[in-house]
Amino acid sequence: MTQGLRKYLKILRISLVERLAYRADFFLTTFLRFLPLITTFLLWEAIYRGSGTDQIAGFTRDSMIAYLLLVQISRMFSSMPGLSTGIARDIRDGNLKKYLLQPIDMLWYLLSYRGAHKIAYIATTALPYGVLFLLFHEVFTLPSAWTWVAYIVSLLLAFLIGFFFEACIGVAGFWILEVTSLMYIINIVNFFISGQMFPLDLLERYPYVLDVLNVLPFHYLAYFPAMVFLEKKQGTELLVGLLIEALWALALILLSRWMYRLGLRHYSAYGG
Amino acid sequence: MPIIEANGLSKTYRVYQKKEGLLGALRGLWRREYKEVKAVESVSFTIEPGEIVGFLGPNGAGKTTTLKMLAGLIYPSAGNAQVLGHVPWERADDFRRRFALVMGQKNQLWWDLPAADSFQLHREIYSLSAEQFQRTLGELTDLFGVKELTRQPVRELSLGERMKMELIAALLHQPRLLLLDEPTIGLDVVAQVTIQKCLRDYNSIRGVTILLTSHYMRDVEALCKRVLVITHGKLVYDGPLTGIAERFGNEKLVKLQFDGTETPGDLGAFGEVTSREGPIATLKVERLRVAEVMAAMLDRYTVLDVSIHDPPLDQMIAKVFEEGTTPAPELVEK
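From first to last, the protein sequence lines are chains A and B.
78 is the number that my numbering gives to position 78 of the first sequence; each next residue is one higher, with no gaps.
1170 is the number that my numbering gives to position 170 of the second sequence; each next residue is one higher, with no gaps.
Watch out, some of these pointers could steer you wrong.
Unchecked claim - Beyond 10 Å from chain B on every Cβ pair, some chain A residues (computed):
#1 ILE11
#2 ARG33
#3 PHE34
#4 GLY94
#5 VAL131
#6 GLU138
#7 LEU213
#8 ASN214
#9 LEU250
#10 TYR267
Said to hold, decoys possible - Listed next, the stretches of chain A that the computed footprint assigns to chain B, with coverage defined by at least 3 CB atoms under 8 Å from CB atoms of chain B:
#11 150 to 162
#12 221 to 233
As the list claims (entries may be wrong) - Calculated pairs, EDC-like style, for lysine to aspartate or glutamate (alpha carbon to alpha carbon, straight line, at most 20 Å):
#13 B:LYS1255 with B:ASP1305
#14 A:LYS7 with B:ASP1305
#15 A:LYS97 with B:GLU1090
In case anyone wonders, no lab produced these hints; they're calculated from the structure.
Note that the structure is a prediction, hence the values are computed from the model and not measured.
All residues carry an ideal CB built from backbone N, CA and C; glycine is no exception.
Throw the hints in and build the complete structure from the sequences for me.
Put into structure tokens, the structure is as follows:
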């Protein structure tokens, strides 16, 4: 096990070199990503001005802007562009072979590779993000040290949930031909139910919807880590939240591995 | 112990028969019709350590399916195989550490990075020690003559250089068995010849066993003493390359140089004239009648020079492919 772990950590280090070759790309796409944020901010300005109150679902104008910025950080960890379609394409085109021929496991390899990608991405976009957060520094109050710990744990678990959820969709490519359109639908729904569009608290009038969303893993991809940073999740609520997040990560790891094993059996019997 | 032992390997695919048109597509939603396609039928052979064996057959004959079974990518429908002492489709790590499959049309190397970086990745995948890795890499880059190119991004390499890098990547973990699927596809003649030379040299230095498929008879002629021929999923020939002529070439080419400046006009009576150039003519003669025809011709004309050849190998192979099911059963059994 430790031998295996070391192998994948080294693969991560080597993949980092590869990913850093694309740093100019990262830099540019980060700036492009900020553009829609401006419209969102303006929209919320208008909503707060029009509503006549300074609190909506427990969010002041400042904490709303802070939330929307923090959600970007959550997604930086949890979004996995191209993962599921990449896996499905490898299955369809037969590139899957390389994982079967070499003493390597596809899912662990892709996890290392994605980890390298994330590190390279975060490192190269630290500057534009830093500038952005500096511009808006007055909307934040820095959390306590323990909140920082909980925040980082929630982000790392968000990375795992994001990765293994998309991995499951990708591995479904063993049985279904078209994963792209499925992923497209999921992404649209996810934008909403992960809390990326607005804090899920805005749904407070529909408590049963909130209950369902709180059971699903999606809010961990954006909403939950942001709420941890804003110290809106505390005490037992925070601990239980983190525990369920960890359980989801574990469940998705097991599910993806089980599907992968089943898929390989299917592939070896019918395809290749 | 043989490197590869295949016993009655068979693979039957179930192919979904899609009906034409919308109605057919709708009907296919609940009742699907399948057709059984026998890709490989009861193929048996053994390959000993150090051999280079050519695996020939037309497209769709079952070559790649057989290679995939031997590499452990797919399960056979029937039969069994031992490769390097393992059942390949169990995919034990120990098995996967000891062989490599290179497909000429697929690349494994990172496109935008120097090959050296991909080599490092392979080092980690196969958990090679630093010394072993450096030594093998030095040896291979020397042998393939690409020492200065490993720091260049792969996308800037020529197709031939890229193939060399692919082969080096595949050989870094010193596999004992190398399965090659069309290793020289798309390469020019010079690059083909260098790849052939590299493979031959590597085989003689390291004693690696090689099983290769190729559509270029030049590859096969340059590398393989022994060939397996497969058509319609059945093994129709297993033996020395030279034996193909005896088995399948029932004609010989007789080249004659006549006295004078022209060839006689009535040569057609002895066999099919395939070329005439000045006093030199080439005739296609049935193998069993060669002696008889020669005697008759020497009797009739003044012949300055004679030589008898087998038709070019690729022509013979093409004929075998076309006929497909002709061979006598005893030849299948070695």
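Hint check against the structure, violated hint numbers in rising order:
1, 4, 10, 11, 12 and 14
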